[in-house]
Every structure is written in structure tokens, then in C-alpha cells.
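**Q** Sequence:
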Amino acid sequence: KLTITTNVKPHAIKTLDHPPPVSKPYYSTPSKQEEMYKIIQELLHFGLIRPSDSPYAAPALLVAKHNGTWRIVVDYKKLNNITIKDNHPLPNMKQATQLLGDGYKFFSKLDMKSGFWQIPIKEQAKFKTAFITPDGLFEWNVLAQSLKNTPLS
Numbered sequence: 001k002l003t004i005t006t007n008v009k010p011h012a013i014k015t016l017d018h019p020p021p022v023s024k025p026y027y028s029t030p031s032k033q034e035e036m037y038k039i040i041q042e043l044l045h046f047g048l049i050r051p052s053d054s055p056y057a058a059p060a061l062l063v064a065k066h067n068g069t070w071r072i073v074v075d076y077k078k079l080n081n082i083t084i085k086d087n088h089p090l091p092n093m094k095q096a097t098q099l100l101g102d103g104y105k106f107f108s109k110l111d112m113k114s115g116f117w118q119i120p121i122k123e124q125a126k127f128k129t130a131f132i133t134p135d136g137l138f139e140w141n142v143l144a145q146s147l148k149n150t151p152l153s
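In full-length UniProt numbering, the protein residues as written are 1 to 153.
Hints are not guaranteed to be accurate.
As the list claims (entries may be wrong) - The calculated PhoX-like cross-link candidates involving lysine-lysine, where the alpha carbons are at most 20 Å apart (straight line), are:
{"no.": "1", "residue 1": "14", "residue 2": "148"}
{"no.": "2", "residue 1": "9", "residue 2": "38"}
{"no.": "3", "residue 1": "148", "residue 2": "9"}
{"no.": "4", "residue 1": "9", "residue 2": "122"}
{"no.": "5", "residue 1": "78", "residue 2": "14"}
{"no.": "6", "residue 1": "9", "residue 2": "85"}
{"no.": "7", "residue 1": "148", "residue 2": "78"}
{"no.": "8", "residue 1": "77", "residue 2": "14"}
{"no.": "9", "residue 1": "78", "residue 2": "24"}
{"no.": "10", "residue 1": "122", "residue 2": "148"}
{"no.": "11", "residue 1": "122", "residue 2": "85"}
{"no.": "12", "residue 1": "122", "residue 2": "14"}
{"no.": "13", "residue 1": "77", "residue 2": "24"}
{"no.": "14", "residue 1": "65", "residue 2": "32"}
{"no.": "15", "residue 1": "9", "residue 2": "77"}
{"no.": "16", "residue 1": "148", "residue 2": "85"}
{"no.": "17", "residue 1": "14", "residue 2": "65"}
It is worth saying that the hints were derived from the structure and are not from the lab.
Just need the whole structure built from these sequences, with the hints factored in.
**A** This is the structure we're talking about:
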């Protein structure tokens, strides 16, 4: 299993008083279904997702990466429509770099692989991340891409 960061505040998903959004799985070809099954098994193995019995269900699909492999993407449009926007501002990049000071000669930028997966989801919110595939319903234990407010986490 991968190590999920535990020293950060888990991501919460605050929603309006609204029925859970539900979608059917998107159609995919048998070869894509097989590929999605493999990815789901890997995500389960690493503890990034778990089986779900949530009333929520967002459809999942595969998107091709530049290197020819696939990644799973969840269409959270319906969930995002009922998610309360977090108004905490993102820092202005120019101001953030000025805070570093004038005496520095180096500035580093890091792009961690699967950085979203380093942030846990609050236990009470996991069921809202449920996504449906031809092989079943699953929910995230870690932050998923395309959820509203995730850049702030």
C-alpha cells in the first residue's frame, strides 16, 4: 500500500441540502472496460479507493495519457454543482515569490507524482466521492481530481 499523508487536514466536501446526484456508468468498449478494471484493481490494492454502497454515483471514464497509457477520470459535474464553494483565496504567485526575499539565488518548483493522492478525504465525506464503473461502485480515500475546492487543499 502507498503511504497516505496523515499530517495534513483531510479534505471536506460541504454540499447543499440536495438529493445525491446519481449517474449510470458511461458506455465503454470491451478493451477500455478491461483497462479500467485493471486500474481499479491497482487503486484498490494501494488503498486509494474502496468499494462503496453510497447513494452518490458519478460516472468514470478513461482518458489517454501522452505516453499511451490510461488514467481514470470521474465526471463530478453534478456533485460540483451542489458543492459549496470555499472562498479561501489562492495566493498570488508574485506576492508569494516576493515573500521569499531578495537575497535568494534559487527557486525550486516541484511537481509530485499523483500529488492529489497525498491528501486524505475526511471520512464523513468519502461517500460523496463515489463513482460508478461497469464493475461496481467505489469511493476515494484520497483527494480525487476534478472535485470542486481541491486546489485549495
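**Q** Hint by hint, work out which the structure violates, then give me just those numbers in ascending order.
**A** 2, 15, 17
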